[in-house]
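Novice: Protein chains in written order, with the numbering used here: chain A, 1 to 383; chain B, 1 to 306.
Incorrect hints may have been included.
[Stated by the list, open to error] Below, in silico cross-link-like pairs of lysine-lysine (DSSO-like), each with a Cα-Cα straight-line distance of 27 angstroms or less:
| id | chain 1 | residue 1 | chain 2 | residue 2 |
| --- | --- | --- | --- | --- |
| 1 | A | Lys205 | B | Lys89 |
| 2 | A | Lys235 | A | Lys205 |
| 3 | A | Lys205 | B | Lys137 |
| 4 | A | Lys283 | A | Lys93 |
| 5 | B | Lys89 | B | Lys137 |
| 6 | A | Lys11 | A | Lys205 |
| 7 | B | Lys133 | B | Lys89 |
| 8 | A | Lys268 | A | Lys343 |
| 9 | A | Lys205 | B | Lys133 |
Calculated directly from the structure, the hints in this document are not laboratory data. Nothing here was measured: the structure is a model prediction, and the numbers come from that model.
Here's the letter readout for the chains.
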Amino acid sequence: MPAVDEILAGKDICICAGSGGVGKTTTSAAIAAGMAARGLKVCVLTIDPAKRLADSLGLRELGNEAKRVDPALFERHGVEMKGELWAMMLDAKATFDELVARQAPDEESRDRVLGNRIYQQISNALAGSQEYMAMEKLFELHTEGRFDLLVLDTPPTRNALDFLDAPRRLTQFIEGRSLRVFMKPTGLAARVAGRGATVALGVLKRIVGFDLLADLAEFFNAFSGMVDGFQARAKRVNSLLADPHTCFLVVCGPQGEPVREAVYFHRKLVEAKLPFGGVIVNKVHYPTERLRGDGGDLGAALAARLGDEELAGRVAGNFADYQALAERDAGNIEHLADELRTKGVIRVPYLDEDVHDLGGLAEINRYLFASAEERVALAAGRA
Amino acid sequence: MPDLLDKRLVFVTGKGGVGKTTVAVALGLRAAAEGKRTIVCEVSSQENASRFFDHTEVGFHEVEMEENLWSISIDPDESMREYVLLQLKVRAMRDLLFRSRIFSYLAAATPGLKELVTIGKIWELAQLDRKVKRGRKYDLVIVDAPATGHGIGFLQTPRTFASIARVGPVHSQALQLNRLIVDHEHTGTAIVALPEEMPVNESAALESELRSEVGVAVDRVYLNALYPERFSNQEAERLAELAAGENGGVRAAARAAVSEHGRARSQRAQLARLRRRVETPVRTLPFLFEPELGVESARELARRLH
Chain A
1 MPAVDEILAG KDICICAGSG GVGKTTTSAA IAAGMAARGL KVCVLTIDPA
51 KRLADSLGLR ELGNEAKRVD PALFERHGVE MKGELWAMML DAKATFDELV
101 ARQAPDEESR DRVLGNRIYQ QISNALAGSQ EYMAMEKLFE LHTEGRFDLL
151 VLDTPPTRNA LDFLDAPRRL TQFIEGRSLR VFMKPTGLAA RVAGRGATVA
201 LGVLKRIVGF DLLADLAEFF NAFSGMVDGF QARAKRVNSL LADPHTCFLV
251 VCGPQGEPVR EAVYFHRKLV EAKLPFGGVI VNKVHYPTER LRGDGGDLGA
301 ALAARLGDEE LAGRVAGNFA DYQALAERDA GNIEHLADEL RTKGVIRVPY
351 LDEDVHDLGG LAEINRYLFA SAEERVALAA GRA
Chain B
1 MPDLLDKRLV FVTGKGGVGK TTVAVALGLR AAAEGKRTIV CEVSSQENAS
51 RFFDHTEVGF HEVEMEENLW SISIDPDESM REYVLLQLKV RAMRDLLFRS
101 RIFSYLAAAT PGLKELVTIG KIWELAQLDR KVKRGRKYDL VIVDAPATGH
151 GIGFLQTPRT FASIARVGPV HSQALQLNRL IVDHEHTGTA IVALPEEMPV
201 NESAALESEL RSEVGVAVDR VYLNALYPER FSNQEAERLA ELAAGENGGV
251 RAAARAAVSE HGRARSQRAQ LARLRRRVET PVRTLPFLFE PELGVESARE
301 LARRLH
């Protein structure tokens, strides 16, 4: 079982992917903290608008600029910090604005886009625009080269693939070439587009109304000078994702549903020829001693030690419940390893306490970075 | 204000992995048992609810699961086809539109459009005067809402579209959808939470956003998967001593008990925090020690819903 630092050796980018509620944000923060403790300058990016990451790193709030996590905090938790840990939360709107400013040929084109009403809505409020911008920010930070490693906590979409498709969709939307042509019903454009298209446009007008179409056309026109720039950029973002220095880690929980989704996501990564690094299963129930077939004896032994049959019964019942969950988890993880044809399943146990601070992250890292034992100087201060 | 299950439309919402589907199905079973004609809607082709009933995938169809209980998986593409047909009324015209490049481009690339047509279908299901032919009338529509990773994006979509389109059919229909969402008489939400530090914080933030930014009624917070209090503090102390001096099965069992006790206690502390931080009534649902949750687990929870 390789440890996270072995999987990430020589990588520039680590993308943690998986369905919601499996501890992706915490895992991303733990990986970033662990790699930073080992001497790298690491930045963790989250898209999750909840304040989870900020909370767990002792930062009051995160914004679109990377902030350094106070090294003194690590010392307080008994963690030796050899590198630097930085964190930021993606602000989709601000990232989009920056991107427009960068791509615009002149100030007038820039202001025309930034002032466009439709642009202001889609860049800010609508579900989906965050994925559009996550990849962009990752690309930008990578190009700047300020960090040794970038760890991306992907958006908790139910469909974990949405964000992979983001650069293509963004370009497609901004391109809007067909609509620009269609909105000029006279002249060469209409003749090129053909009669069928004109009919379709007529039908479309009936559904969405002329005004909205005209507004959309204005929106696309505003972008007209930037389409090539956006396309070129999307292509570079895609090749960054497929680069051998990028690594996708699939994060999941041990229950049936998250495991099914992890298998599905892994298959999609392979199909898209994206570099898969390993899978991390969080909150695993695993007994330190696996016991089988001594249920009856155990009850009697407990009763003898405790001198209280009723209490012994409750203890045995609780243990049986726990064992059943542990066996389920073991079975699901075996299935996961088979499906992914990997031995690289990293298990993090269901800890006795919730993880919501640096101490908790250090506790998790004892498992994530476990096999390189000489480097487990990152022992939890309270262990 | 009417109680949760007396409404026409209920969104079950919360972060990913908190048990929204389980709670949605349990609410559906409860309402159906009370004689309400109920449909449970899924919105991202996951078919989690149909899996509960060991049913083959239901797809974009209203399929009867039990007496008074139906299920549908709302596919945005299908919703779009249905919506456009309702608007144009002529199938050939719809097909012409769907074949055109301009439409497929706009439909695929416009952010939020999937969410909008999904909410449109939910609205249609909740009408007493259904728009689709031979549409069944439901007393209650329960939506297993998408994970609130994007905050409240899903429920805000109609309002956003209403302001993108200042006038015209999209504007007025988006406003109509939003009116249903903010109708406290007929529409409500239930937030599902877990008894852990950050999920509690997030649920409190979600409650305030739903109320102030979306304007939807928040009727219930369900704190899900609460461990039973199996041991007293005194017993836990005894068991900790036992674990320290033993080996093998006795030690492992005693340690498991101590760990359960610790979790149950910290969960009670989180429950208290949640109650302090939200205005909505909080109800608890027990953790079910079952390897895989099925319809019987949901039935068990349905009995405990209140």
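Novice: Each hint should be assessed against the structure and marked as holding or not.
Specialist: Evaluated hints:
no.: 1; hint: A:Lys205 / B:Lys89; result: holds, 15 angstroms
no.: 2; hint: A:Lys235 / A:Lys205; result: violated, 33 angstroms
no.: 3; hint: A:Lys205 / B:Lys137; result: violated, 32 angstroms
no.: 4; hint: A:Lys283 / A:Lys93; result: violated, 34 angstroms
no.: 5; hint: B:Lys89 / B:Lys137; result: holds, 22 angstroms
no.: 6; hint: A:Lys11 / A:Lys205; result: violated, 50 angstroms
no.: 7; hint: B:Lys133 / B:Lys89; result: holds, 12 angstroms
no.: 8; hint: A:Lys268 / A:Lys343; result: holds, 19 angstroms
no.: 9; hint: A:Lys205 / B:Lys133; result: holds, 25 angstroms
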